[in-house]
Amino acid sequence: DVKVTQSSRYLVKRTGEKVFLECVQDMDHENMFWYRQDPGLGLRLIYFSYDVKMKEKGDIPEGYSVSREKKERFSLILESASTNQTSMYLCASSLWVPYEQYFGPGTRLTVT
Amino acid sequence: QKEVEQNSGPLSVPEGAIASLNCTYSDRGSQSFFWYRQYSGKSPELIMFIYSNGDKEDGRFTAQLNKASQYVSLLIRDSQPSDSATYLCAVHQSGGTSYGKLTFGQGTILTVHP
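Chains as they are written, first to last, in the numbering used here: chain A, 1 to 112; chain B, 1001 to 1114.
Among these hints, one or two may not hold up.
27 Å max Cα-Cα, derived DSS-like pairs, lysine-lysine [claimed, not checked]:
| no. | chain 1 | residue 1 | chain 2 | residue 2 |
| --- | --- | --- | --- | --- |
| 1 | A | Lys57 | B | Lys1042 |
| 2 | B | Lys1042 | A | Lys3 |
| 3 | A | Lys71 | B | Lys1042 |
No lab work stands behind these hints, which were simulated from the structure alone. Computed from a predicted model, the values in this text were never measured in an experiment.
Kindly produce the complete structure, drawing on both the sequences and the hints.
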């Protein structure tokens, strides 16, 4: 079974802090994605990566950056957290595109 | 206009009935279509995908695609209380900077009552 894990289920940070969200997949998938999910807005793509050290902007990249140094790991970075970044963050991976995306359990981030 | 639009619901159906979930999309070049199910507090999981016009059946689930009308639907036959969840429609747009990107609708909440 594909397994996508995220470093934290719940995270509380203060405004202005630098925040790292980690995602690891164990199925040698080429493609990895970061989404945020907000009520009434659905899933919105922040960034995705189709190879090591490659990244593409999604629909809402502002205020975020990513890092993919190893194939299995994709990190989302909030350079200076703001309250409007309070959300559920979901990581996903897929073998190729377009194809099934497997999601991690999510990180609920609260910025106070 | 949203790129992928779903009725947010909630949609409530009695046990044993057919639940019909609808999704429209704006990009005529879209090639692939996915239905995900998300239980409360859980992450989405894929239940169906469809690439060609027409119907695709998998057990109690049928996906229907009409590219001319830019419309995709999911039918759930013999609905069960365990089908109560949020259903997300996702569309893959091919080419250019959209390659590899899935665009999700906002989801439809389905409740199946005994």
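Verification of the supplied hints:
1. A/Lys57 x B/Lys1042: holds (25 Å)
2. B/Lys1042 x A/Lys3: holds (14 Å)
3. A/Lys71 x B/Lys1042: holds (25 Å)
Of the numbered hints stated above, none is contradicted by the structure.
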